[in-house]
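Residue numbers (the numbering used here): 8 to 329.
Accuracy of the hints is not assured; some may be wrong.
To be verified - Here are the simulated DSSO-like cross-link-like pairs (lysine-lysine), alpha carbons at most 30 angstroms apart as the crow flies:
id	residue 1	residue 2
1	Lys327	Lys303
2	Lys244	Lys150
3	Lys66	Lys123
4	Lys66	Lys103
5	Lys257	Lys150
6	Lys257	Lys306
7	Lys303	Lys326
8	Lys201	Lys60
9	Lys150	Lys234
Keep in mind the hints are simulated off the structure, nothing from the lab. Keep in mind that this is a model prediction, so the values were computed, not measured.
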Amino acid sequence: MLQETKANTVLGWLKRPKSLVFLTFLLVSFILWLLIKLTQIYSYSVSYNVVYKNLPKNKLFLNPPSTRVNVLVEANGFRLLKTNLIDEKASIDLSKVRSHSNKWFLLSNDIETQLKEQYRDIEIKQVLTDSIVFDLGVNKKKKVPVVSNLEINFKTDYGLVDSLIISPSEIWILGPDGLIDSIHYVSTQDMVLKNVQSDIDIETSLSQPDSLSSIEFELKEVNIRGKVNRFSEKMIKVPLLIENIPEGTKVRTFPQQINVICRAPIQNLKLISPDNFLIVADYKEVQEGGGYLIPKLVKKPSNIKEVKLMQTKVEFLLKKEW
Numbered sequence: 008m009l010q011e012t013k014a015n016t017v018l019g020w021l022k023r024p025k026s027l028v029f030l031t032f033l034l035v036s037f038i039l040w041l042l043i044k045l046t047q048i049y050s051y052s053v054s055y056n057v058v059y060k061n062l063p064k065n066k067l068f069l070n071p072p073s074t075r076v077n078v079l080v081e082a083n084g085f086r087l088l089k090t091n092l093i094d095e096k097a098s099i100d101l102s103k104v105r106s107h108s109n110k111w112f113l114l115s116n117d118i119e120t121q122l123k124e125q126y127r128d129i130e131i132k133q134v135l136t137d138s139i140v141f142d143l144g145v146n147k148k149k150k151v152p153v154v155s156n157l158e159i160n161f162k163t164d165y166g167l168v169d170s171l172i173i174s175p176s177e178i179w180i181l182g183p184d185g186l187i188d189s190i191h192y193v194s195t196q197d198m199v200l201k202n203v204q205s206d207i208d209i210e211t212s213l214s215q216p217d218s219l220s221s222i223e224f225e226l227k228e229v230n231i232r233g234k235v236n237r238f239s240e241k242m243i244k245v246p247l248l249i250e251n252i253p254e255g256t257k258v259r260t261f262p263q264q265i266n267v268i269c270r271a272p273i274q275n276l277k278l279i280s281p282d283n284f285l286i287v288a289d290y291k292e293v294q295e296g297g298g299y300l301i302p303k304l305v306k307k308p309s310n311i312k313e314v315k316l317m318q319t320k321v322e323f324l325l326k327k328e329w
């Protein structure tokens, strides 16, 4: 009841003509006072957000530099109001950075000169921040190979016809020279392909652990391709050639032919013959072989992926020639 009475009293007072004139006068007075205050000149401290530009191409920050610079300025109230409402950025040109004994820095006078060029509507009285020191290192560029971390589980009897093709096979990396020198390759993200029976053609990201966060990769992704085919096996008999037989002797081996198991795509198996292979045993290695000849595969067709010799030791008979 009491509150309603007070509210009615205030509303009644506001409705009086004299009250409206008084309020209008009060509002105009306040605006005039505010304008007078805003046109006056003030000295105040400003903290600018710093943005660095023109870092020398062969340099990089080893540690983040200072992001704020404190400045004593002089300007009117309007400019002060703008500064308080907007977080203004100060651009610092590092092409003018000083160096001495592998130390890089900008003096407060250097900063002041740059700020005066940027802020024409403010008088820069003094840079309150001490000289900014930069921890810079040599930016080195190096080309390294890309290694696949792709695990492929094939459907039964299927496999790669040839090695995987990574494109590009090498990339440029850029970063601190000490860290760059320790990197010999970059790898792809771990990925598993299951029950594969068709050609592989995927885009995969490069792995960049936290320890390499300061390294810039030329690319973020690479392409991995591989031709997949159905495989089968075929056995052929290949004559065994003996090398370094002592003069005046003959060697007869048991067996005289080596059974060779070839695994390859079916269409490739149809094209092979014993003439495509060369299996040799060196008589000089008999003692090392414990009285046996050791057959070794010297030549095979390039389109045959896997070859297995079924005999790893061969008995022989040595006969003198008369």
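Hint-by-hint comparison with the structure:
1. Lys327 - Lys303: Distance ~25 angstroms between Lys327 and Lys303 Cα, so the pair holds.
2. Lys244 - Lys150: Answer violated: Lys244 to Lys150 is near 47 angstroms, above 30 angstroms.
3. Lys66 - Lys123: Holds. Lys66 to Lys123 sits at ~27 angstroms (cutoff 30 angstroms).
4. Lys66 - Lys103: holds, 13 angstroms
5. Lys257 - Lys150: violated, 57 angstroms
6. Lys257 - Lys306: holds, 24 angstroms
7. Lys303 - Lys326: holds, 23 angstroms
8. Lys201 - Lys60: Between Lys201 and Lys60 the Cα gap is close to 49 angstroms, so the pair fails against 30 angstroms, i.e. violated.
9. Lys150 - Lys234: holds, 27 angstroms
The structure does not agree with the numbered hints 2, 5 and 8 stated previously, though it agrees with the rest.
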